[in-house]
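Novice: The listed protein sequences derive, respectively, from chains E and L. Per our numbering, residue 379 is the first one in the first sequence, and the count goes up by one each step. Per our numbering, residue 5 is the first one in the second sequence, and the count goes up by one each step.
Quick caveat, the hints were computed from the structure, so don't treat them as lab data. Treat the hints with caution; some may be incorrect.
[Said to hold, decoys possible] If we take Cβ atoms under 8 Å as the criterion, some of the chain E residues that face chain L in the derived model are:
(1) P380
(2) S382
(3) G402
(4) T404
(5) F407
(6) G410
(7) D413
(8) M418
(9) N419
Note that the Cβ used here is the ideal one computed from N, Cα and C, for glycine as well.
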Amino acid sequence: MPLSEQQIIGHLREALHVEGDLDGETRLFSTGELDSVAMMNLIAFVEETARIEVRPQDVTLDNFDTPARIVRFAEGQA
Amino acid sequence: MNALTTNVFELLADNLDIRPDKQALVDADRTATYAEVAAEAGRIAGYLQARGIAPGDRVVVHLRKGIPEVVAMFAVSMAGAVVVNVNVQWTLEQLGYVAQDCGARLMIVGPRTARALATAPLPGAVERVLVAGAAPETDRFDAWEATRQDAPGAQVPRLDTELAMIIYTSGSTGRPKGVMLSHRNIVAGARSVARYLRLGEDDRLLGVLPYSFDAGLNQLTTMMLTGGTVVHQPVAMAAEIVRTIRDQAVTGVAAVPPLWSQIVRLLGESPAALPSLRRITNTGGKIPLNVLERMPALFPGVDIYLMYGLTEAFRSTYLAPERFGRKMGSIGRAIPGAEVHVVRPGAGIAGPGEQGELVHRGPLVSLGYWGQPELTRAKIRPCAELAPLIGDEPVVWSGDIVRIDADGDLWFVGRNDAMIKTSGFRLSPDEVEDLVCRSGTVGDAVAFGVEDDELGQVVHVALTPLEGFAEASLLGHCRQAMPHYMVPRRFHLWAGAMPRTASGKLDRPEVVRACRARLAEPALDTQGGRPLDRPRDAGTEISGHHAPE
């Protein structure tokens with residue numbers, strides 16, 4: 379199932395309690411907004427929702443720092 | 005090596021005559037030389053002094069890992085004030101509690117925290133907030149750039165016995181406690197660690213652990229002491245860490261068990277040559293044996309150090325890398341300049357093969373807990389068993405049970421208060437977890453005791469399953485690998501990642517609390533049953549909880 383930016387943003391708000399403005403280009407990890415616990419939670423969400431496997435070497439800022447990058451990564455893995 | 009350094013500000017300042025233009029700190033988007041760090045710290049110290057911050061005043065630093073955080077810490081020290089570095093992952097509520105508890109007069113925070121603080125009265129005795137960035141348009145908030153108007157600060161001399169920092173630790177019960185560290189604790193700690201890790205001017209240590217954690221602070225203090233460089237790594241992604249080690253020619257990495265497990269998994273799948281790396285260190289808990297065993301092959305030619313410490317005594321023991329192969333999993337012996345004894349209260353000092361409580365003596369013994377004299381006297385007190393050797397000198401009682409082997413190396417057994425008492429045996433949760441993890445199908449495991457009418461307690465294990473996990477085969481593995489009284493009565497499958505403390509360690513109390521809460525629900529009462537013999541129902545699942553807010 380394709381993963382959308384809106385799904386990711388919804389998860390960030392509901393499960394991870396991220397407040398304030400959030401869009402596809404919001405930087406999540408390089409700004410310190412999310413910590414490593416939240417990172418593992420988000421990866422589990424992406425794996426479940428997009429039905430893909432995220433390998434340790436895929437967990438980089440290039441693939442995970444913004445909702446848009448996560449969507450692009452998930453599309454590439456599907 | 006800056007031989008004359010006796011206080012925290014001198015750790016930085018003693019480099020200025022020798023290597024002003026050397027790179028001291030590396031952030032993702034900028035670097036700073038020793039002279040630049042000192043100039044910026046001097047400016048912020050001037051700001052603090054202009055706002056009336058006097059020697060001994062507490063100043064909270066709550067910033068993301070980076071150059072401004074280091075500048076803020078040294079600025080506070082330069083003014084003779086006390087640094088209270090609060091982990092940036094702590095919530096606003098925790099931050100407010102700490103500020104109030106330590107009676108801080110000023111806080112140095114990031115723009116996001118400042119915006120949140122501006123919506124309510126400032127906590128406790130806080131009068132002003134300095135923002136590392138733009139400040140809210142509100143009275144009592146000052147922007148970093150506005151400090152340029154202030155004259156540089158003057159260094160206030162401090163005795164090395166005086167209070168330098170307070171490190172707040174969240175214990176398993178109650179509110180966080182502030183551990184008071186003197187300048188001597190911090191400088192002696194840096195000297196000891198630099199000696200056994202063989203650190204020098206050409207070292208570049210990765211800074212991934214928080215500076216609000218004693219083991220993380222040591223990367224900064226040892227590099228300042230030896231004139232080396234700290235490369236900041238604010239994002240704890242294994243792949244990003246490996247990339248930084250390679251791109252920044254990092255020579256040493258200190259991390260905690262969950263991070264090592266991730267890095268080992270990553271390197272196992274895609275090995276990387278890391279020629280600059282000389283040493284790696286672990287602290288903050290035991291790395292599972294199956295992960296430890298893979299490390300020498302994944303880090304060829306790299307010294308592997310296993311360390312042990314508690315904030316109240318700063319750092320205590322390390323296993324020398326030469327003995328890693330033979331003593332994998334041991335916490336080794338006392339670090340240079342500290343003494344560690346294993347005490348059996350009422351029975352004497354433990355000999356080979358015996359176990360007892362680890363006590364720590366020497367210049368790293370902290371000044372105790374801020375504002376809590378009774379707690380301090382309970383934690384740091386004389387030891388009757390050691391009286392023939394050291395009289396009534398107070399030592400730190402760690403609360404940790406260790407075993408001493410025939411060579412004098414120590415092995416962590418468990419927390420004194422976390423031991424599981426079942427059918428007359430005292431079991432360490434770590435021992436159970438180690439054996440569970442050896443199945444290879446479990447990521448994280450937390451063992452705990454649950455009250456039982458017949459046996460006193462029975463063993464339960466919360467775990468995160470890996471690929472290939474099956475409850476029946478894990479139970480088979482346990483029955484083979486464990487004595488019968490240790491075999492878990494019940495597994496609690498944890499969905500998602502287990503919660504971590506802000507310094508990255510497993511949040512064991514939170515895991516145990518969530519599992520116990522589930523057990524308390526009547527529908528799940530398994531009294532008298534053998535829950536593992538029937539198919540697991542959905543009720544045994546625990547949805548993983550989530551990030552700190």
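Novice: Hints first: check each against the structure and report whether it holds.
Specialist: Do the hints match the structure? See the list:
{"no.": "1", "hint": "P380", "result": "22 Å, violated"}
{"no.": "2", "hint": "S382", "result": "21 Å, violated"}
{"no.": "3", "hint": "G402", "result": "20 Å, violated"}
{"no.": "4", "hint": "T404", "result": "13 Å, violated"}
{"no.": "5", "hint": "F407", "result": "5 Å, holds"}
{"no.": "6", "hint": "G410", "result": "4 Å, holds"}
{"no.": "7", "hint": "D413", "result": "5 Å, holds"}
{"no.": "8", "hint": "M418", "result": "3 Å, holds"}
{"no.": "9", "hint": "N419", "result": "6 Å, holds"}
Violated hints, in rising order: 1, 2, 3, 4; the structure is consistent with all others.
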